[in-house]
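**Q** The listed protein sequences correspond, in order, to chains P and S. Going letter by letter, the first sequence gives residues 1 to 300 in this note's numbering. Going letter by letter, the second sequence gives residues 1 to 168 in this note's numbering.
Hints are computed from structural coordinates only; laboratory data are not their basis. Just so you know, not all the hints are guaranteed correct.
Unchecked claim - With the Cβ distance kept under 8 Å, some of the chain P side facing chain S (calculated, not the full set):
1. 8
2. 124
3. 185
Glycine is no exception: its CB is placed at the ideal position from the N, C-alpha and C atoms.
So the chains spell out like this:
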Amino acid sequence: MVSIAKRPGWIALVSVLVFNLLLLSLQTNQRGSPGVMRKWLLNIMVPAEKLVDTGIRGIWSVWDGYFALIGVRSENDKLHTENDQLRMQIQGQDEEIREAARLRSFLGMADAGIGKTVAARVIGRNPTRFLQTVTIDRGQSDGVKTNDSVITPDGVVGRVLSVASGSAVVQLITDAQSEIAGVFQESRVQALFRGTGGRELELSYIDDDYGIEVGAEVITSGLDQIHPKGVPLATISSVGEKKEHFKVMFARPRVDLSRLENVLVVIEHARPKGDAPEPQNHPEPNPASPAVHTSPRTDG
Amino acid sequence: MNRGRKLGNIAMTVFTVIAIVVVEGILKYRLGIFFKPFDLALIYCVYYGFNFSKPVSSVFLGAGLGLLQDSLSGAPLGTNGFSKALICFAAASTSLKFNVDQPITRIFALFLFTLADGLLVSILELTMGTGGLTVSSGRLMDLVLAGVFNTLLGLMIFGFRDRYRHAT
Chain P
1 MVSIAKRPGW
11 IALVSVLVFN
21 LLLLSLQTNQ
31 RGSPGVMRKW
41 LLNIMVPAEK
51 LVDTGIRGIW
61 SVWDGYFALI
71 GVRSENDKLH
81 TENDQLRMQI
91 QGQDEEIREA
101 ARLRSFLGMA
111 DAGIGKTVAA
121 RVIGRNPTRF
131 LQTVTIDRGQ
141 SDGVKTNDSV
151 ITPDGVVGRV
161 LSVASGSAVV
171 QLITDAQSEI
181 AGVFQESRVQ
191 ALFRGTGGRE
201 LELSYIDDDY
211 GIEVGAEVIT
221 SGLDQIHPKG
231 VPLATISSVG
241 EKKEHFKVMF
251 ARPRVDLSRL
261 ENVLVVIEHA
271 RPKGDAPEPQ
281 NHPEPNPASP
291 AVHTSPRTDG
Chain S
1 MNRGRKLGNI
11 AMTVFTVIAI
21 VVVEGILKYR
31 LGIFFKPFDL
41 ALIYCVYYGF
51 NFSKPVSSVF
61 LGAGLGLLQD
71 SLSGAPLGTN
81 GFSKALICFA
91 AASTSLKFNV
101 DQPITRIFAL
111 FLFTLADGLL
121 VSILELTMGT
131 GGLTVSSGRL
141 MDLVLAGVFN
151 TLLGLMIFGF
161 RDRYRHAT
């Protein structure tokens, strides 16, 4: 019989496998739990990732600034025309906005904003094949916490899964383990969507599926206590036959998650008016932290 | 081998491991779906195992690569660490028993190791209750596709290695 001492490879393998299994057993049902080791590894990886990303962006900016300017003049003229048209539209809508604000104050509704957000840049994507996550360049030192909502002006992106001091990993809404509470914008029917691991969301629960058609818009309901209420979520892309309790439905996220560049992390949800210490209609930006700002609700 | 050179080699390997995971993360972000099937870390595991035929260092290299992947992916720490350590060890052991300079051995090894890695990661995630994944034909198809792409990229990398070795 061969002595085990003569097989250092096997000893190393067993030790490493046992170490990994122990690590796994510490995280059962707590994917992305903020352990010391994960923070430590993220703090090693993210500076390197930022460095390479900055280099790539530098090369791109040279390309964009010098070589990709062909045809800019005609595009500029077209944009000027569009700009004039939009300014006229805005003038028309200004009055409607004032009227809506007046009506809202009559109804005693809270000034529904999203809350305090931090602007972040996406610097990397999940290096494995199966999970849908991205890395952003803001972390604990910027006020980002686990389970903070991540959005863009177009809609919801996902939630913060784990945080290091200067970076965070964000689980996209299409990740197979993601679930998000929504409400149909027109019918106000509550629903729960989960990620498919692909490019769409699948309906996992709905109060009443009657009358839901392809093209129906879904916004966040805020019931999951992660995402702010009223942010655009997805558009229903297919409605199938009834299966068990309700129809099989798929929805396409409003945000193109394959082309994410800049996102907003909601580090503090907007409070109802009564809870706010001092109502401020036009908050002054803090010069010490230019990335932190309060954004108005984009929709709903 | 003197001590300084040995330390230099270790530092170089650590740098390569970090560079591979960082480059892979950035390429997946920049190229999106086109880069999805590739797993540079797995290809490097097989390359290292075949090239150096050292089971002990291969195990630690595989575990390191996997843990760094887990840290960036948000997967439970140890999922890829476990599978990559095993794959790296298997690659190093294979190189001690078979002629890994033969293209057919490389093709089989790269393809089978990709499948094994995918299955191991899926099983671990299902066991952990964190994957939210089910075994479906689409998922198996993805795995086979990843096997094909990784094999092609791996063969190219081995081709460069052969050319470099013959040139020196």
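**Q** Give me the numbers of the hints this structure contradicts, sorted from smallest to largest.
**A** Number 3 - this is the single hint that the structure violates.
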